[in-house]
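*Asks:* Here the protein sequences line up with chains A and B, keeping their order.
Going by numbering that gives the first Met the number 0, the first residue of the first sequence is number 0, and it counts up by one from there.
Going by numbering that gives the first Met the number 0, the first residue of the second sequence is number 0, and it counts up by one from there.
Since the hints were derived computationally from the structure, they do not count as laboratory data.
Heads up, a few of these hints could be off.
Unchecked claim - With a Cα cut of at most 16 Å, we get these calculated EDC-like pairs of lysine to aspartate or glutamate:
| # | chain 1 | residue 1 | chain 2 | residue 2 |
| --- | --- | --- | --- | --- |
| 1 | A | Lys85 | B | Asp277 |
| 2 | B | Lys30 | B | Asp49 |
| 3 | B | Lys95 | B | Asp49 |
| 4 | A | Lys272 | A | Asp282 |
| 5 | B | Lys85 | A | Asp277 |
Here is what each chain is made of, one letter per residue.
2 protein chains.
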Amino acid sequence: MNFIIALDIGGTQLRAAVFPPAGITPVAIQKTATRGTEPGVYERLTDLVDSVWPAGPVDAISVAAPGPLNPHTGTVISTPNIPAWKNYPLADLLFKKYKVPAFLGNDANLAAVGEWKYGAGQGHHDVLYLTLSTGIGGGVISGDRLIEGCNGMAAELGHITVLPGGPICTCGFPGHLEAVASGLAIARYVSEQIAEGRSSVLKAGPALDAHAIALAADQGDELAREAFVRAGEFIGQALAEFLHIFNPSIVIFGGGVTQSGRLILDPIESTMKSNVMDKTYLDGLQLVTAKLGDDAGLLGSLAQARIRLSNV
Amino acid sequence: MNFIIALDIGGTQLRAAVFPPAGITPVAIQKTATRGTEPGVYERLTDLVDSVWPAGPVDAISVAAPGPLNPHTGTVISTPNIPAWKNYPLADLLFKKYKVPAFLGNDANLAAVGEWKYGAGQGHHDVLYLTLSTGIGGGVISGDRLIEGCNGMAAELGHITVLPGGPICTCGFPGHLEAVASGLAIARYVSEQIAEGRSSVLKAGPALDAHAIALAADQGDELAREAFVRAGEFIGQALAEFLHIFNPSIVIFGGGVTQSGRLILDPIESTMKSNVMDKTYLDGLQLVTAKLGDDAGLLGSLAQARIRLSNV
Chain A
0 MNFIIALDIG GTQLRAAVFP PAGITPVAIQ KTATRGTEPG VYERLTDLVD SVWPAGPVDA
60 ISVAAPGPLN PHTGTVISTP NIPAWKNYPL ADLLFKKYKV PAFLGNDANL AAVGEWKYGA
120 GQGHHDVLYL TLSTGIGGGV ISGDRLIEGC NGMAAELGHI TVLPGGPICT CGFPGHLEAV
180 ASGLAIARYV SEQIAEGRSS VLKAGPALDA HAIALAADQG DELAREAFVR AGEFIGQALA
240 EFLHIFNPSI VIFGGGVTQS GRLILDPIES TMKSNVMDKT YLDGLQLVTA KLGDDAGLLG
300 SLAQARIRLS NV
Chain B
0 MNFIIALDIG GTQLRAAVFP PAGITPVAIQ KTATRGTEPG VYERLTDLVD SVWPAGPVDA
60 ISVAAPGPLN PHTGTVISTP NIPAWKNYPL ADLLFKKYKV PAFLGNDANL AAVGEWKYGA
120 GQGHHDVLYL TLSTGIGGGV ISGDRLIEGC NGMAAELGHI TVLPGGPICT CGFPGHLEAV
180 ASGLAIARYV SEQIAEGRSS VLKAGPALDA HAIALAADQG DELAREAFVR AGEFIGQALA
240 EFLHIFNPSI VIFGGGVTQS GRLILDPIES TMKSNVMDKT YLDGLQLVTA KLGDDAGLLG
300 SLAQARIRLS NV
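Please build the complete structure, drawing on both the sequences and the hints.
*Replies:* If you want it as structure tokens, here you go:
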């Protein structure tokens, strides 16, 4: 094994890291803004790769990007913050330019792989990873393998229906988990309640976010507290379904909303337990928070490359 | 490879078949009632194994049984029609008695494996199998691997919630798919509607089953027809969720209710399509009925043995 270049394509930042043959400490790491006036995102990405390219041989370039994308073909189907990338053959372009294998994976899936290989899920064979952020995403490892599906679009865990006829999700359908329990949904609920006359130290409006609501809850604000409990109950309800579907031995929570701690984890856990149909699902089940933080994407990319190279 | 003995433990019948090293045509097949006055079920099962034991060497005994059970340890946790089997180490008992590897798997999961290897799912890597019978069960193959979970209790697809606060399921929780769309649920719906004064050629009561209702629907009975459409819509709604979770390339429907054909498959398909959040999930997706019929359990057991022996 030689060097691996891991890339993480975020909504605001592109990050690149060079990893040595073993271990998870990068020998180089760089970042740049995802969008600028010039050049385009692909050129910004390759400039970044060029800037970290190591002196020794490179075994692979591995990319984490927001979906939907197809990891089998290495094609970005579409991605929220990069309108120019429609059915965009990113892995193939990188392969042709750099003459090394190039891999592409969904960022939530790769965060799951990163946590499994190098973070909170080490040693487990069946891992459910749920990222609670402005949206809700996930990734599942079952029997030591990432569940990807035939087009790589499996594990869209934020889009399970928990409130039929409920609020419209970012995807356009009503009542999905993401529409009632994401950071955006928590903020929207608080704003709506304030508009209806509920008292709170918080001010309704687009600037309101889950972080501010968590601070208010810590200071005893009843509405803020209720908003997290409500979101946690929906997540716990969905989590019971996921236990019946995947029967994991560990559930890992990542994403910014998780920083609210027990405020959201307690209602998640209690609702999950009261909705699970057989206590065997809870035997030895661990609920933990993610360990890799902002590095989950890069380390998941690294893990993806090492797994795929060992399968060749 | 030598002979493999496959066993299928059903609610009414125990079946045993001996398979040669290649192919799926048994060289011997026998059955007996699951329960009798004497001896116990285990003894009935071993008598059956003895009666088919071949002259040549046996590589493995492989058992399909109703869950919940743990395929990793070979233990039946509990099973509806055999009250004596609680945390019952069936695979271990068979291994000790016959001195050959013994494997145990959930019958719905193994039916999925059987259809994948020898039936309607051949050549696919991502298969969703749904059995619509008195209950609703399922099995999922993802990336050429059966999804089992840490205790072997994954893919309980009949227990996804589709109608919060709805009818109580056999598992005790409200609104699960099985509680509103199984054969029993279809019959219960028709009985309830008749009790409320709806006209139908059918008679309410415990003898009413999905088969009779399908016949009535074929003859133009409006209530019978509506009962299947209603069940199909719930199944289609759940199926859209399963597409988002597993992204299969084929969905295989097994079980007796499937014999009602387009009556239930049409509403399943149309509801699935209108609930799926991205058309990519439908690209090339096949919806088909199972091919193996009553042999799914035995052939799934056979497939399980061949897979596990090749992984040793």
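*Asks:* Look at each hint and say if it fits the structure.
*Replies:* Verification of the hints:
Between Lys85 (chain A) and Asp277 (chain B) the alpha-carbon distance is near 14 Å, which keeps this suggested pair within the 16 Å criterion. Between Lys30 (chain B) and Asp49 (chain B), the direct Cα distance comes to roughly 12 Å. Compliance with the 16 Å bound is thereby established for this hinted pair. For a cut-off of 16 Å, the pair hint linking Lys95 (chain B) to Asp49 (chain B) stands: about 14 Å separates their Cα positions. A distance of roughly 11 Å separates the Cα atoms of Lys272 (chain A) and Asp282 (chain A); the hinted pair therefore holds under the 16 Å criterion.
Our distance criterion of 16 Å between C-alpha atoms is met by Lys85 (chain B) and Asp277 (chain A), whose separation comes to about 14 Å.
Of the hints listed earlier, there is not a single one the structure fails to meet.
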